[in-house]
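Chains as they are written, first to last, in this note's numbering: chain A, 54 to 288; chain B, 34 to 447; chain C, 391 to 650.
One should not assume that every hint holds.
Pairs of lysine-lysine residues, derived as BS3-like cross-links and limited to a Cα-Cα distance of at most 27 Å, are as follows [to be verified]:
| no. | chain 1 | residue 1 | chain 2 | residue 2 |
| --- | --- | --- | --- | --- |
| 1 | C | Lys644 | A | Lys121 |
| 2 | C | Lys646 | A | Lys108 |
| 3 | A | Lys108 | C | Lys393 |
| 4 | C | Lys396 | C | Lys646 |
| 5 | C | Lys472 | A | Lys119 |
| 6 | A | Lys155 | C | Lys431 |
Computed list of chain C residues with no C-beta within reach of chain B, every gap over 12 Å [to be verified]:
| no. | residue |
| --- | --- |
| 7 | Val442 |
| 8 | Thr463 |
| 9 | Leu486 |
Taking CB as the label site, the calculated pair distances span [what the hints assert, rightly or not]:
| no. | chain 1 | residue 1 | chain 2 | residue 2 | range |
| --- | --- | --- | --- | --- | --- |
| 10 | C | Ile624 | B | Lys105 | 56 to 64 Å |
| 11 | A | Pro273 | C | Arg640 | 37 to 45 Å |
| 12 | C | Trp512 | B | Asp381 | 48 to 56 Å |
| 13 | C | Gln460 | B | Asp381 | 34 to 42 Å |
| 14 | B | Asn385 | C | Trp512 | 38 to 46 Å |
| 15 | C | Glu461 | A | Leu215 | 21 to 29 Å |
| 16 | C | Asp649 | A | Asp247 | 50 to 58 Å |
| 17 | C | Leu636 | B | Tyr192 | 24 to 32 Å |
| 18 | B | Tyr192 | C | Trp512 | 23 to 31 Å |
| 19 | C | Val642 | B | Thr257 | 36 to 44 Å |
| 20 | C | Asp649 | B | Ser423 | 42 to 50 Å |
For the record, the hints were derived by calculation from the structure and aren't laboratory data.
Cβ atoms here follow ideal geometry from the backbone N, Cα and C, with glycine treated the same way.
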Amino acid sequence: MVTIENLHKKFGKNTVLSGVDLTIADGGIFAVLGPNGSGKTTLIKSILGMVIPNKGTITVLGENIKKKSNYRHKIDYLPQIANFPSNLRVKELIKMIKDLRKPTNEDERLIQLFKLEPFLNKKLGTLSGGTKQKVNLVLAFMFDSPLIILDEPTTGLDPVSLIRLKDLIKAEKTKGKTILITSHIMSFVEEISDEIVFILEGEIYFKGSIQKLKIKTNQPDFEHAIASILSDNDV
Amino acid sequence: MNHFFRYILFFILVFISYLVQCQTIQVCKSCPISSLKTAISVAKDFDTIVVKKGTYKEHDIIVNKPLTIIGKNYPVIDGELKGEIITITSDNVTVDGLFIINVGTSYTEDYAAIRVRESKNFVIQNLVLEKLFFGIYIEKSRDGKVFHNKIIGDAVEEYNSGNGIQLWYSKNIQIEHNFVQHVRDGIYLEFSDDCLIKNNVSALNVRYGLHFMFSNDDTYKDNTFENNGAGVAVMFSKRIKMYNNTFKKNWGTASYGMLLKEINDSEIIGNTFEDNTIGINIEGSNRINYKHNTFINNGWAIKVKGACYTNKFTENNFLYNAFDIAYNSNVNDNVFDKNYWSSYTGYDLDKNGIGDVPYRPVKLFSYIVNRTPETIILLRSMFIDIIDFSEKVSPVFTPDDLLDNNPQIKKLKW
Amino acid sequence: MFKILKYSFYDLMRSRWSYVYFAFYLLLGIVLLFLNNDLSKAVITLMNVIIVLVPLIGTIFGVMYYYNSQEFTELLLAQPIKRSSIFLGQYLGVALSLSMSLILGLGIPFIFYGLFESTTIWDFSLLLITGTFLTLIFTALAFNIALSNENKIKGFGYAILLWLFLAVIYDGLFLMTLVMFDDYPLDKVSLIGTMLNPIDLSRTLILLKLDISALLGYTGAVFKQFFGTSFGLIVSFITLTVWVVLPVFRIVFKSKKKDF
């Protein structure tokens, strides 16, 4: 699905990614983990073409993404902070994104799922953080693309919505989609992901299943496994 | 008593008409006398010559006896570009109703359509002059009238064209209701005193609409000077009265509504200066009273150069000029009082119609433009507004006593 | 691009600030025309407002809109849309909505005043055209500044500085240069100096159309040729267009290289 070769990225003097090689197979849920500032978001944004790499190639579905934009038709993306134009109404935003990408009816089901009907005519500026995140989720899931990238999807969600989100992700997985997630909620990651990609100081420190991680770090549970990586590397 | 007068009057009229009728000489193509020259040579003093419609190819016509020459239906006197056409050398001559064309051009002699030389009591009226060099040339003459003439030249350059109406060493001449255009100077006075120039229109002339040199005690009023090459120049003269004239559209590099040079003790009242590069350009002129004039949309309403003392500018309207007053020095001996300035921004708290803060008509920018003319390109820039404002608050470069202490709040009406 | 333009435009047309801006011009137009009653003076006052205020508003709005819509821009960047379309769309959205406020705000009072019957319509149209040009230029410059500065405060600072420089300081330096070198022929220098600043250029362009132009021709042959013929008008318009095109090109260029 996604192949990354020798990816380098610097912001000024600050090296964020130094030679990342990563292959993400078709189908399954991949969690991208790492401490703050390890380059998770940069990696994801590189895949989306929002960050331009200094070196290296990225291919999505067999196509080199350099200077292209059309491949993004095949990606659904949930950004970390959803801050929409405050004068727009929820309904209008959804309509607009559909207008920009392609027509779909999936949004109606998602709106029902997250109980957004009462907010459809409200301006985005007046919504709470959680509601905004739900709108964000509707926008991300409504296009049925083969690759879904979720940056901190759980932010601001109430427990009920969180359960709905998990169900949704699992359902997408059963459709054979590839899902990339970053999250700080370890329990969420553990519950949902098939494979972990751990980034440390701009390089892939570990890639494999949670089981493999536990064995590698010699820890009984996932949270401790992560913690041991961090303490071993003085982060 | 009354009856007696009527009786006398009747007799006088009969006598006069008899006199006139009897001594009228007809000139026409089929008449016994078919040229003006012949008519003059056979005429006796105080005869009337009537020229009928037709074209008469004549020049160098000398009128050397007191005659009245009247054209019927504008007969054409065609000089065929051979030189001067009519020269009057006698007193009491009247020329009326001729169409005079094709005056010869010369670089050594000032050929005129009609010249009056050393004569008195002449009347020149209702003439139409075209294709001319000089139009009406009056030299060393006095007590004459120049009325209702139309002078249309085709001058392009200064050096090979002449003036419309020229006075030289003449006295007490009345020039009224003439229409002069496309000549060098519309009306030119040199060494001519006590003349009245009234109700004329002088437009589109190559140099000046009106040109005054060394002529004193003259009055010009109700004239219109429009679109002339340089405007109107009044130089080296004294006691000139200029009333209710209009100076318009004298736009151009060295152009002005009026140029005053070495003019003393004169009055400039009720004139309108509109759309001129410079409304009045003043050099070395003293004791002039400027009153009730209106300056609209000029580049500079008044530009003062050189020494000008004790001039008074009162109750004038200054409307939307780029610069109201320009001075090239910071010494001022002139008085500005009770004028209306459209760019005045002060207030009138006591509601007496006079602004409570004095107005400074000289802007710093006008001083800068005087020094470096190219800076004019910054006209109406915000930076210029700022420096003008700071100069207004504390004058450094402009005369700090140049103030109108009683600026009017409303436009003046007279 | 047009979709982005459409949405940015609608978004802005509904914002409070567009109304304030619109209302300001409406009021200004009404006051100048109906309380003052002198059309030529009104045009000159409008010119002063336009050459000072339009660039300021364009710069501030441009920078503000860019920073405010940053997250939304990121959302758009993840969509299958070309970068240049996103930024050009947003830029045109801001510039056009500002121009709309200007044109309608001043246009409506003029229509009610019965402008179409007066000869001032050309002076007035020229005012609106240069106002629109200035909006396009300064919004583009603002976008350039914002694209090059992640830091909002810095971006705002540079934007205000840019305005201050072009509106005031430039003319001060310009004036000083002219006065200092007044022994040399300066007409060409001063024309070039004018071309290099869009505010000065707009000011001269409007002055050209007013009767005052002959005043500028007063100083010499080069000025006379420039201000006295349509040559000056054509050159000015071409230069204004260049002033729009260059920053817009830089928006495209810069946006392609930038990380979000």
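Each hint, compared with the structure:
Between the alpha carbons of lysine 644 of chain C and lysine 121 of chain A the distance comes to roughly 16 Å, so the proposed pair stays at or under 27 Å and holds. The hinted pair formed by lysine 646 of chain C and lysine 108 of chain A meets the criterion: a straight-line CA distance of about 16 Å does not exceed 27 Å. A hinted pair counts as satisfied when its Cα atoms are at most 27 Å apart, and lysine 108 of chain A with lysine 393 of chain C does not qualify at roughly 33 Å. Between lysine 396 of chain C and lysine 646 of chain C the alpha-carbon distance is near 22 Å, which keeps this suggested pair within the 27 Å criterion.
The hinted pair formed by lysine 472 of chain C and lysine 119 of chain A meets the criterion: a straight-line CA distance of about 12 Å does not exceed 27 Å. Restraint check for lysine 155 of chain A and lysine 431 of chain C: not satisfied, since their Cα atoms lie roughly 54 Å apart, outside the 27 Å limit. A Cβ of chain B approaches the Cβ of valine 442 of chain C within 12 Å, the least distance being about 5 Å, so the stated non-interface status is violated. With a least beta-carbon separation of about 34 Å from chain B, threonine 463 of chain C lies farther than 12 Å from that chain, consistent with its non-interface assignment.
With a cut of 12 Å on Cβ distances, leucine 486 of chain C stays outside the contact zone with chain B, its closest approach being about 26 Å. For isoleucine 624 of chain C and lysine 105 of chain B, the hinted distance range of 56 to 64 Å is satisfied, since their beta carbons lie about 57 Å from each other. For proline 273 of chain A and arginine 640 of chain C, the Cβ-Cβ distance of about 57 Å falls outside the hinted range of 37 to 45 Å, so the restraint is violated. Between tryptophan 512 of chain C and aspartate 381 of chain B the C-beta distance comes to about 36 Å, which lies outside the given range of 48 to 56 Å.
Hint check: glutamine 460 of chain C to aspartate 381 of chain B, Cβ distance near 53 Å, so the stated range 34 to 42 Å is violated. Between asparagine 385 of chain B and tryptophan 512 of chain C the Cβ separation comes to about 42 Å, which falls inside the hinted range of 38 to 46 Å. Between glutamate 461 of chain C and leucine 215 of chain A the beta carbon distance is about 23 Å. The supplied range of 21 to 29 Å therefore holds. Distance hint for aspartate 649 of chain C and aspartate 247 of chain A: a CB-CB separation of about 30 Å, inconsistent with the stated range 50 to 58 Å.
Between leucine 636 of chain C and tyrosine 192 of chain B the CB atoms are about 51 Å apart, so this pair departs from the stated range of 24 to 32 Å. The hint said 23 to 31 Å for the Cβ distance between tyrosine 192 of chain B and tryptophan 512 of chain C, and at roughly 39 Å that hint is violated. At about 60 Å, the CB distance of valine 642 of chain C to threonine 257 of chain B disagrees with the hint of 36 to 44 Å. In this structure, aspartate 649 of chain C and serine 423 of chain B meet the distance hint of 42 to 50 Å, their C-beta atoms being roughly 47 Å apart.
The structure fails to meet hints 3, 6, 7, 11, 12, 13, 16, 17, 18 and 19 from the earlier list, while all remaining hints are met.
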